[in-house]
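Enquirer: Same order as they appear, the protein sequences are chains A and B.
Numbering of the first sequence is given in the working numbering, commencing with residue 1 and proceeding in unit increments.
Numbering of the second sequence is given in the working numbering, commencing with residue 1001 and proceeding in unit increments.
Worth flagging that the hints you see were computed from the coordinates, not collected in a lab.
We treat Cβ as the ideally placed atom computed from N, Cα and C, and that holds for glycine.
Accuracy of the hints is not assured; some may be wrong.
Claimed, not checked - Label-pair ranges, simulated between beta-carbon atoms:
1. B:Glu-1327 - A:Ala-443: 19 to 27 Å
2. B:Arg-1180 - A:Ala-324: 16 to 24 Å
3. B:Leu-1009 - A:Glu-459: 38 to 46 Å
As the list claims (entries may be wrong) - Some but not every residue of chain B turned toward chain A, in silico, with C-beta under 8 Å:
4. Ser-1174
5. Lys-1254
6. Met-1321
7. Tyr-1410
8. Leu-1481
9. Arg-1483
10. Ala-1485
11. Gln-1486
12. Gly-1488
13. Ala-1489
14. Glu-1493
15. Ala-1495
16. His-1539
17. Val-1541
What the hints assert, rightly or not - Listed next, the in silico DMTMM-like pairs over lysine to aspartate or glutamate satisfying Cα-Cα at most 25 Å (straight line):
18. B:Lys-1224 - A:Glu-409
19. A:Lys-224 - B:Glu-1327
20. B:Lys-1224 - B:Asp-1146
21. B:Lys-1253 - A:Glu-327
22. B:Lys-1149 - A:Asp-41
23. B:Lys-1224 - A:Glu-65
24. A:Lys-253 - B:Glu-1462
25. A:Lys-253 - B:Glu-1317
26. B:Lys-1253 - A:Glu-317
27. A:Lys-224 - B:Glu-1317
There are 2 protein chains.
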Amino acid sequence: MSWTYEAPLEHMRFVLEHVLDAPTHWKACEAFADLDLDTADAVLEEAARFASEVLQPLNSTGDLEGCVREADGRVRTPTGFPAAYQAFVAGGWPALPCDPAWGGQGLPLLLDAALREMLDACNHGWNMYPDLLHGAYETIKAHGSDDLKARYLPRLVSGEWLAAMALTEPQAGSDLGQLRTRAEPQADGSLRISGNKIFISGGEHDLTDNIVHLVLCRLPDAPKGTKGLSLALVPKVLPDGSRNALFCDGIEKKMGIKASATCAMRYDGATGWLIGEPHRGLAAMFLMMNSARLHVGLQGLGHQEMATQNARRYAEERVQMGRAIGEHPAVRQLLDRLDVTTQAQRVLAYRAALALDLSEQHSDRAVREREKRFAALLTPIVKAFCTHQGFHGPAAALGVWGGNGYVHEYGIEQTVRDARIAMIYEGTNEIQAIDLAQRKLLADAGATAFELLDALRAELPEQDPLRDFIDESRTHLPSWLNRVAQDGAHLLESADDLLHGLAHTLLAWAVGRMAAMANALPDEAAARQRALATAFIRHAVPQGRLHWQRALAATAPR
Amino acid sequence: MSWTYEAPLEHMRFVLEHVLDAPTHWKACEAFADLDLDTADAVLEEAARFASEVLQPLNSTGDLEGCVREADGRVRTPTGFPAAYQAFVAGGWPALPCDPAWGGQGLPLLLDAALREMLDACNHGWNMYPDLLHGAYETIKAHGSDDLKARYLPRLVSGEWLAAMALTEPQAGSDLGQLRTRAEPQADGSLRISGNKIFISGGEHDLTDNIVHLVLCRLPDAPKGTKGLSLALVPKVLPDGSRNALFCDGIEKKMGIKASATCAMRYDGATGWLIGEPHRGLAAMFLMMNSARLHVGLQGLGHQEMATQNARRYAEERVQMGRAIGEHPAVRQLLDRLDVTTQAQRVLAYRAALALDLSEQHSDRAVREREKRFAALLTPIVKAFCTHQGFHGPAAALGVWGGNGYVHEYGIEQTVRDARIAMIYEGTNEIQAIDLAQRKLLADAGATAFELLDALRAELPEQDPLRDFIDESRTHLPSWLNRVAQDGAHLLESADDLLHGLAHTLLAWAVGRMAAMANALPDEAAARQRALATAFIRHAVPQGRLHWQRALAATAPR
């Protein structure tokens, strides 16, 4: 009954092959034309082995040991972490979704999503280090000078160097307009960076020789607010091999992901180079936000999967009152709800990854543009819902262990602690809800949402109650838009419920689609898939209705 | 913006004086006839000072230090814990609700409830030690021999000695029928106790010289299952001053309440004495279950209050996007929901404490019997709902701090970790739900529930939507009973939703009653009370309806 990971490869394959029909989509993308399911399978099996055999055994020890900051500012990660990272690099994993022009393998983000889900499930703390690579890669690729690209991209793609994102300052959490870090242009074209940043994940560590910091800062002539932010590349080790003037002044004592060094960083006249245009730093960073937010959503999915499969194994083996506790109705219902939500989250998150792939690679421009819209709409929902569930699912699952669940050695309590941060960083879930309501729904008067819901409902059989629920939700959206038109303040007050209402609607599609494609599975698995749909209709659909009802309800007097 | 405690004395007084009309009830109890509100106020003010000045400063350090088990089995509590306990004893706090015949102060459990709420809010880990006293006191008082009473009650009432409850064994969590610890009768009338127990809170520590263990065990001729359990009093130090053969073999590494020593205990032929009849140990322990479960519910209330008031202070002081974050609609709504739920939980938990008082002390036998029924019905609801909310409330409140909420020094992350255990121990919340459904509702065909709901609705003004919600709920109860009559399995499958449906119904009474009595408050406070009722109607009543709907819904196919 120990805490272990069995990668959900069968369900992943079912989602790729039948629920999302990925091979058909890949054929329409020149970059993926040679990819088939067997290759994808082989990649995922290898990833599963790495996650379960190399990372998972380091999860509990990493939590207990935590990171240590030495007196000289160096940070030591827990035992085994550097070796695991070397194995990760040797396996070529960082390069998986990167452009072959920079040494990448050019595989879809969809497969990268499955890889990340497994890494997060097994060791969220460890995965914080490489998780930041891709965002830095995308930002430099899109906005860096040729010189910066040549100097940094190959070594980020290979994973030889890691990256850190330096945004937050003590006075500026979600409010980036208050950032103060200064950048002074030098005669040689470089910048001199001075300021203090907090909450810098992987700002300092011992996994790689160099760490490439992307630092939000202000040039001397910068306008106030977010429109005066520039982005600088500030490496720990300079091209001439000397140590740059950036220092870790402390690491945070946190609720969870204790193996991830959350650094307070001091840039003490450090040398850096501008990425992109002056004062356009936020725009450069926004580029990577869709994938970064998807990655955080995958952390939630990983925790939910890990909690669900371990709770099920425990419940099958632990006997109380003469039978396995999994046979007690309250436990059985909880496990079913966890199962169906995990699976539906996976479908939803992978659909968002597919949208990102198609928006870049599909041969048909109309599809590229449609999928770009879908990705923009899905991203805040995946980020917020999957991390919400990624905390609340494990928090509920903990009860399956009874008192043992509260004890570290059983594993689940760490999952609950680790999972909570994902609701906060990369834009809090409240910010995701506002992004959805304001920029994704109000901005186009719901057009993209209608387009998506119409496309999804068409994938379900007629007379499916889940299709009915989608239709029902579709009628709520115009009501919400009207409500906001009458009372602008309603948007902010209803955004959370709106996001959860829409998330439940999308989950309903995912569940309905899995049931509809269940015939492709062996009999027993197919029956199970249909039973889960029934459980979802009984438990989650009324919950979704409640969110819609609240999203539409009259606001309390102000 | 540091983590502090301002005891909610004004709201406590409002609840005692106006919402529950405690003075009128006290006048009808001989034991409390001399008690007035001024005395009660003085007691609560003194308790608030102790909690906020002595205990609260030890909360974070207690978590970081935790307990240490020395090689010889002794357990050292965190710095300051023994001194705080000595101050607690010197203040006479353990004796507050105890019988004057044994050195107690004879004050109502209602005041004891307010005291415990404050202790739990400030330092749950520390309060684990004295929290167990009252249960041991009640059990020995009701079932102990005269000799045991004389030897142990005065020193438990004064707090000179502490107590521990030794129930759980590795193979027997919620299933006490599987307990194996043996008790062999000796020629001198004592018992020789041998066995291993786990999860024994305060089984060993350095706060008192002696620790009185109440151990569930089996006599040689015991029937199998729970009907063969006896209860033994096993002191750490024997009457002759020698050390008894009970040893702490280890302490658990837990998610929270790290300052509370959760011990694995070994009774190695330890000397003990029977409490009550042979094989009737569980009945003897059940006596204290109502108050013990109420105490755990108060832990949830304490956490909820602490999270709510600190979140509000932080939200008022922290400025982002040009204004205090408390003015942002999502935060404002969250704070209102936390506020109204905290207040309603307090009313409900205190009502349960009042029921316990009246069931023992009221001069009218009919009232005593009615209140005994009410206490039995309210107890599982208070335990399960207040601890559910006591975890989920702080877990949501953590978001108000953004990334800071994840960092230990801001306080809230510890509250979330500490609070989770209360959903599990003293009977998991799932067990509370089954207790409610089976023994409190089905057993008398809902008679007590109808009696309670009728009494409560009569306290609300006509045409109050909250009264309508109680009436609505009242119609659901017969439907649920019918459903269970048709399909026995439905009881276990719907118990959780039933408990939460009924809890929301009782909260609706509490909120309506507060609004109805708001005229007794200053104008601003009265207006606030009414606004909170509106927030509750908008957010919580639909949630309550959802639980009732699920409790009645057709069960998924089995």
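Enquirer: Please go over all the hints and tell whether each is borne out by the structure.
Expert: Verification of the hints:
Range check, Glu-1327 of chain B to Ala-443 of chain A: about 24 Å between beta-carbon atoms, so the 19 to 27 Å window is met. Between Arg-1180 of chain B and Ala-324 of chain A the Cβ separation comes to about 20 Å, which falls inside the hinted range of 16 to 24 Å. Evaluation of the 38 to 46 Å hint for Leu-1009 of chain B and Glu-459 of chain A yields a failure: the beta carbon distance comes to about 59 Å. Hint status for Ser-1174 of chain B: holds, given a least beta-carbon distance of 6 Å to chain A, under 8 Å.
Using the Cβ-Cβ criterion of 8 Å, the hint placing Lys-1254 of chain B at the interface with chain A is satisfied: the shortest such distance is roughly 5 Å. A hinted interface residue such as Met-1321 of chain B counts as satisfied when its beta carbon comes closer than 8 Å to some beta carbon of chain A; here the least separation is about 5 Å, so the hint holds. Interface restraint check for Tyr-1410 of chain B: the shortest CB-CB distance to chain A comes to about 10 Å, outside 8 Å, so the restraint is violated. Taken as an interface hint, Leu-1481 of chain B does not check out: its beta carbon lies about 18 Å from the nearest beta carbon of chain A, beyond 8 Å.
About 14 Å separates the beta-carbon of Arg-1483 of chain B from the nearest beta-carbon of chain A, more than 8 Å, and the hint is not met. The beta carbon of Ala-1485 of chain B is not positioned within 8 Å of any beta carbon in chain A (closest approach about 17 Å), and the interface hint is therefore violated. The closest approach between the C-beta of Gln-1486 of chain B and any C-beta of chain A is roughly 16 Å, which is over the 8 Å cut-off, so the hint fails. Because the closest C-beta pair between Gly-1488 of chain B and chain A is about 11 Å apart, greater than 8 Å, the hint is violated.
Proximity of Ala-1489 of chain B to chain A holds as hinted, the smallest CB-CB distance being about 7 Å (cut-off 8 Å). Interface hint at Glu-1493 of chain B: satisfied, since its Cβ lies 4 Å from the closest Cβ of chain A, which is below the 8 Å cut-off. Nearest Cβ of chain A to the Cβ of Ala-1495 of chain B: about 7 Å, under the 8 Å cut. The hint holds. Using the Cβ-Cβ criterion of 8 Å, the hint placing His-1539 of chain B at the interface with chain A is satisfied: the shortest such distance is roughly 7 Å.
With its C-beta approaching chain A no nearer than about 11 Å, Val-1541 of chain B sits outside the 8 Å limit, and its interface hint is violated. Annotation: proposed proximity of Lys-1224 of chain B to Glu-409 of chain A is violated, straight-line Cα distance about 32 Å (limit 25 Å). With a C-alpha separation of about 23 Å, the suggested pair Lys-224 of chain A and Glu-1327 of chain B falls inside the 25 Å cut-off, and the hint holds. Only pairs whose Cα atoms come within 25 Å are accepted, and Lys-1224 of chain B paired with Asp-1146 of chain B is rejected, the gap being roughly 29 Å.
For the hint linking Lys-1253 of chain B to Glu-327 of chain A, the alpha-carbon distance of about 29 Å lies beyond 25 Å, and the restraint is violated. Simply put, Lys-1149 of chain B and Asp-41 of chain A have alpha-carbon atoms about 71 Å apart, too far for the 25 Å limit, and the pair is violated. Only pairs whose Cα atoms come within 25 Å are accepted, and Lys-1224 of chain B paired with Glu-65 of chain A is rejected, the gap being roughly 45 Å. Among the hinted pairs, Lys-253 of chain A with Glu-1462 of chain B is inconsistent with the structure: their alpha-carbon atoms are about 53 Å apart, more than 25 Å.
Distance check on the hinted pair: Lys-253 of chain A and Glu-1317 of chain B sit about 23 Å apart at the alpha-carbon level, within 25 Å; holds. For the hint linking Lys-1253 of chain B to Glu-317 of chain A, the alpha-carbon distance of about 23 Å falls within 25 Å, and the restraint holds. This hinted pair checks out: Lys-224 of chain A and Glu-1317 of chain B have alpha carbons roughly 23 Å apart, not beyond 25 Å.
Going through the hint list in order, the structure does not satisfy hints 3, 7, 8, 9, 10, 11, 12, 17, 18, 20, 21, 22, 23 and 24.
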